[in-house]
Amino acid sequence: MSPAASPAANPAAGGPGSSPVPPGPATPPAPTALPRLGGPARLGEQPRRAFVAQIMGLPMSLHVRGPAARGPEVAEAAEATFAALRADHELFSTYRESSQVSRIRRGDLRLSDAHPRVRRVAALCEQARQRTGGAFSAWLPDATGAPAFDPTGLVKGWAAEQAFTALGRRLARLGPHDALLSAGGDVIVACTRTDTPDWQIGIEDPRDRSRLLLTVPLRRGAIATSGTAARGQHIRDPATGSPPAGLLSATVVSPSLTWADVYATAAYVRGPTAAPWLTTLPNHAAILIHPDGTLHTLP
Amino acid sequence: MRRIAIAVLSTISALVLLFSYHTSTNSQPAAAGPGTARSAGTAGGAASTTSAPPDPTTSSTPAAGSTSSAGSPAAAGTAGTYTGDAVATRWGPVQVEITVQDGKITAAAAIQYPQGNHRDEEINAYAVPMLNQETIQAQSADIDAVSGATITSSGYIESLQSAIDKAQL
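Each protein sequence line maps, in turn, to chains A and B.
Under our numbering, the first residue of the first sequence carries the number 20, and numbering increases by one thereafter.
Under our numbering, the first residue of the second sequence carries the number 2, and numbering increases by one thereafter.
Incorrect hints may have been included.
[As the list claims (entries may be wrong)] A short, non-exhaustive set of chain B residues, derived as facing chain A with CB atoms under 8 Å: (1) 143; (2) 147; (3) 161; (4) 166.
To be clear, the hints were calculated from the coordinates, so they are not data collected in a lab.
Treat the numbers as computed from the prediction; the structure is a model and nothing was measured.
Just so you know, even glycine gets a beta-carbon here, dropped at the ideal spot from N, CA and C.
Using the sequences and the hints given, assemble the complete structure.
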């Protein structure tokens, strides 16, 4: 279980909040952390357990597969994963008056004086703005229309990826295990077992959330979808301030959940110009769903 | 039409490469799950009908060539091994070798990769989601997670994810 990627592929790793960690004893170093799709048919059943918590206003679903899945160590590891996510919520929530991000928004705290994790996220937001040609931005108009620091669009995926990476290190001590974390529909998986089926990720139909349009088998990597179905229109185009139009949803498969999330948002914002842009991203795949229901898969 | 053909072709190379990735890293014999080997290229209906790899007669499938079972761990019985022509992709030339049994690919290996990069990276550069629309309704019980527009805590209880989680708690 080593979701840590090369620096270029996963800027979320190796930030001030994380330290380089050698692979666990039972985990051969993965050649890369690029997404691995497809694979063997069902070979054997491993014990499995799901954990659910509500954090950052999102349901966090954590699944672990392997011999210790139903044991106390995995339950502890799951609790630690959720604790890490709650800690990030304390730092980043725009709804909590006392969070560092709220203080930055009010002008009570300078970014340069903020917690290293906040500064790390701010740097990633800037990188995201550049990589998406401005389609993703952490500077969005507040209630008064003035641009204010709001890294929410990146934090969810980043925090989940960080917590998941730490979980992988804990699980590695227990021998080969597979894990999956869904943060409100953005999913990251890793497998260190070789006798398990791929995780099957269903991509929902944005027109009917009770339906799935297709499945993506995944052993390592992340999938994020951006669209309007769940929360109504909550995404704004940083360039125009208006809700984007042109796609019902955009799903990105990436080595990194942070970037899957950012790129899915950017693709959704870009709408009609998403496809040519997405094809310029190496090691990424995408599924765009158009208003007439047609599916467009890339590359 | 030509664009679609090219898309399908590169998709096949992708699938083949992906499968070979599995064979090269897993200690298990290659089990290139024929059930998941359905892929599609571009938009909706037309492309989703291209059930690519299992049909060795498709022009975009590597053409039949030398037969040998060497390097094909899953080959058994009547399996035939086919070496395709080198195909130019936007990542560089790719040449693949597949083992076909009962019209399905049971093993695959890439014997020529785009140059200049690490092999695993190249393989993964072809990380094409494998669409499985035909079986989705029937197999929704096997889904592990749902990716969609963000669900909120309040919406969770009615979500498919919640049903999946409940079965495993």
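Subject >> Interface hint status, residue 147 of chain B versus chain A (Cβ within 8 Å) >> reply: holds, 5 Å
Original post:
When the nearest CB of chain A is found for residue 143 of chain B, is that gap smaller than 8 Å?
Top reply: Residue 143 of chain B check passes; min Cβ-Cβ to chain A is 6 Å, inside 8 Å.
Subject >> Hinted contact residue 161 of chain B with chain A - closest CB pair below 8 Å >> reply: holds, 7 Å
Original post:
Close enough to count: is the Cβ of residue 166 of chain B nearer than 8 Å to one in chain A?
Top reply: Since chain A brings a Cβ to about 4 Å from residue 166 of chain B, closer than 8 Å, the hint holds.
Consistency with the previously given hints is maintained throughout, with no hint failing.
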